[in-house]
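Participant: Sequence:
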Amino acid sequence: MSKRLPFFKMSACGNDFILIDNRQNLLDKAKASEFVQQVCHRRIAVGADGVIFLRQSQVADFGMIFFNADGREVEMCGNGARCLARFAYLNDVCPSRMTFETQAGLIEAEVDGQKVKLKMDYLLSPKPPFPLMVNGKEREVFFLKAGVPHAVYLVEDLEQVDVIGLGRATRYHPHFQPQGTNANFVQVLGPHKIAARTYERGVEDETLACGTGSVASSIICAHLGLVVSPVSVVTRSGCVLKVYYKEKSADEFGDIYLQGEARVVAEGNLWLDELRIEESEIEESE
286 MSKRLPFFKM SACGNDFILI DNRQNLLDKA KASEFVQQVC HRRIAVGADG
336 VIFLRQSQVA DFGMIFFNAD GREVEMCGNG ARCLARFAYL NDVCPSRMTF
386 ETQAGLIEAE VDGQKVKLKM DYLLSPKPPF PLMVNGKERE VFFLKAGVPH
436 AVYLVEDLEQ VDVIGLGRAT RYHPHFQPQG TNANFVQVLG PHKIAARTYE
486 RGVEDETLAC GTGSVASSII CAHLGLVVSP VSVVTRSGCV LKVYYKEKSA
536 DEFGDIYLQG EARVVAEGNL WLDELRIEES EIEESE
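Residues in the sequence shown are numbered consecutively from 286, following the numbering used here.
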């Protein structure tokens, strides 16, 4: 009989993830990259923007390990973190208020129904924009690391932007190597509202939403005096994320929160031999 691995499929404003409780080390981390690439394939497996493993932690309620669909582990994913918080709550790992560990620092979260609010454990200090030659044209770009790296372009008409072409060229631009960067395109809609589209590193495509991208975009707009907290971020899916912050000084922002939906789409078991995953990669889950 096929070995099976329990999982949840969750969506946060269209950013979708596979979530696995790996506190018992069911999956060998050395094999995780290949596993992630297989299960994230939308035509031959479950399909997702990434895979999130819940792990044991010595300093918090639990820990987060996040892989993009390309099989690369990254420090943090805002929408993924919100999904993980609700996943942990639904599986009785912790109460509705929790703290969990990521490579980007400790994250506080509160689950309220389908909504999850995160507090980021870092200060953000936006820098001035700089010129960048992209696709044969010099463009003004901002850069901010909000857990993971984000390039941000301010645009007048978001629907006219070549998100794939310009996003890919920015993601692989020599200026941002070797890590690369996510690329965000932002239109200010009002003092409390922006719209954002993101080309995500690791997914290598535009995603329907990006949590840390929404944070980076909001903080840069706040630094320029274009918005004030709270900021509603209209994502590509049409879903709205909310970003809260406090301006600590002229160049520093803290008490940063990200709030939005985290929905359970499905719960089931991965049939590992059907996915062509070797039996040696996983221990018995029973």
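These are computed hints drawn from the structure, not numbers from a lab. Just to be clear, a hint being listed does not mean it is correct.
What the hints assert, rightly or not - Taking lysine-lysine and the BS3-like style, the derived pairs with C-alpha atoms no more than 27 Å apart in a straight line are:
id : residue 1 : residue 2
1  : Lys527    : Lys294
2  : Lys402    : Lys430
3  : Lys430    : Lys400
4  : Lys430    : Lys288
5  : Lys400    : Lys316
6  : Lys288    : Lys400
7  : Lys478    : Lys404
8  : Lys316    : Lys402
9  : Lys527    : Lys478
10 : Lys533    : Lys412
11 : Lys430    : Lys527
12 : Lys412    : Lys400
13 : Lys412    : Lys422
14 : Lys402    : Lys533
15 : Lys316    : Lys288
16 : Lys294    : Lys400
17 : Lys402    : Lys527
18 : Lys316    : Lys294
Remember, predicted model here, so these are calculated numbers, not experimental data.
Participant: All hints are to be evaluated individually against the structure, with a verdict given for each.
Facilitator: Here is how each hint holds up against the structure:
no.: 1; hint: Lys527 x Lys294; verdict: holds, 23 Å
no.: 2; hint: Lys402 x Lys430; verdict: holds, 20 Å
no.: 3; hint: Lys430 x Lys400; verdict: holds, 25 Å
no.: 4; hint: Lys430 x Lys288; verdict: violated, 40 Å
no.: 5; hint: Lys400 x Lys316; verdict: violated, 33 Å
no.: 6; hint: Lys288 x Lys400; verdict: violated, 33 Å
no.: 7; hint: Lys478 x Lys404; verdict: holds, 20 Å
no.: 8; hint: Lys316 x Lys402; verdict: violated, 32 Å
no.: 9; hint: Lys527 x Lys478; verdict: holds, 9 Å
no.: 10; hint: Lys533 x Lys412; verdict: holds, 15 Å
no.: 11; hint: Lys430 x Lys527; verdict: holds, 18 Å
no.: 12; hint: Lys412 x Lys400; verdict: violated, 32 Å
no.: 13; hint: Lys412 x Lys422; verdict: holds, 22 Å
no.: 14; hint: Lys402 x Lys533; verdict: holds, 21 Å
no.: 15; hint: Lys316 x Lys288; verdict: holds, 16 Å
no.: 16; hint: Lys294 x Lys400; verdict: holds, 16 Å
no.: 17; hint: Lys402 x Lys527; verdict: holds, 9 Å
no.: 18; hint: Lys316 x Lys294; verdict: holds, 21 Å
Violation of the numbered hints given earlier is confined to hints 4, 5, 6, 8, 12; the remaining hints are satisfied by the structure.
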